[in-house]
Amino acid sequence: MEREFEVAGGDFVNAGYASAKVKEIVKSIGFSPEAVRRIAICSYEAEVNIVLYAKRGKMKLSVYEDYAVLHVKDEGPGIEDIELAMQEGYSTATPEMRELGFGAGMGLPNIKKNSDIFTIISEPGKGTELRIMIRNEK
Amino acid sequence: MKLEEIRKILGAVVIVGKEEMEKEVNCACSSDLMSDVLAFAKPGALLLTGLTNIQSVRTAEIADIKAIVYVRGKQPDEAAVKLAKEKKIPLLSTPLRMFEACGRLYMAGLRGVGEVEEKVAANK
Chain A
0 MEREFEVAGG DFVNAGYASA KVKEIVKSIG FSPEAVRRIA ICSYEAEVNI VLYAKRGKMK
60 LSVYEDYAVL HVKDEGPGIE DIELAMQEGY STATPEMREL GFGAGMGLPN IKKNSDIFTI
120 ISEPGKGTEL RIMIRNEK
Chain B
0 MKLEEIRKIL GAVVIVGKEE MEKEVNCACS SDLMSDVLAF AKPGALLLTG LTNIQSVRTA
60 EIADIKAIVY VRGKQPDEAA VKLAKEKKIP LLSTPLRMFE ACGRLYMAGL RGVGEVEEKV
120 AANK
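Chains as they are written, first to last, in numbering that gives the first Met the number 0: chain A, 0 to 137; chain B, 0 to 123.
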């Protein structure tokens with residue numbers, strides 16, 4: 000099963016709407032509560048990143064028998080130093096972003112921590128692409 | 000700990016979920032940074048925060064947080080209230096500051112998400 004969501008950059012009020020749907024879907028399919036939670040957290044962090052940094056982006060959820068894959072692609076500024084961006088606490092967020100409760104440099108590390116396989120491809124000026132795989136462990 | 004007991008300890012008002020005060024939380028966490036909450040919170044926890052926008056409720060929904068207490072008498076904004084009603088996530092507001100609110104709940108026996116984890120690990 001596949002579902003694709005469009006995410007608009009800058010639309011802070013609706014940030015998380017797609018991830019709430021993602022959570023509903025994997026829950027209704029019968030994924031374990033722990034797997035549902037991990038998928039939801041990865042999705043939400045990725046969605047918030049699009050809203051904060053990119054013009055727009057897409058999130059595709061693919062659900063298989065034992066795992067789910069989130070493919071996230073944005074039209075954002077891209078990341079210069081991925082290794083640095085993966086460090087907890089490193090952030091390029093503006094004070095305005097921090098006032099919204101995000102931009103503490105935990106987003107990408109959180110996604111990595113909650114996923115079984117995580118890949119990130121990014122280049123300045125070309126946007127960022129994430130692939131997140133999460134097993135449905137019973 | 001029941002939400003009703005938490006309400007009394009904190010002298011809090013209920014903004015959403017008056018009929019849900021019999022629900023229980025098993026631990027608590029406090030932060031204004033939602034990514035921290037997503038990183039450390041446990042399902043069934045209470046969240047104490049000073050962040051009043053819609054993402055406080057969205058974070059609760061995503062991370063299976065049972066209820067939110069806003070500190071320093073803060074009121075959640077309209078979009079947050081609307082989403083909380085829709086998702087049945089109780090919202091309370093206490094006049095106490097974050098440290099005092101957490102301290103009173105801790106003294107009353109509510110524990111942090113880290114300690115609940117340690118207990119689970121010790122029992123294994």
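Hint data in this document are derived by calculation from the structure and do not stem from the laboratory. Wrong hints could be hidden among the right ones.
Claimed, not checked - Derived, one-sided and incomplete: chain A residues facing chain B with beta-carbon distance under 7 Å: (1) G8; (2) G9; (3) V12; (4) R36; (5) I40; (6) Y43; (7) G100; (8) F101; (9) M105; (10) G106; (11) N109.
Every residue, glycine too, gets a C-beta built ideally from N, C-alpha and C.
Practice task
Enumerate the violated hints, using their earlier numbering and listing them in ascending order.
Solution key: Hints 1, 2 contradicted; others consistent.
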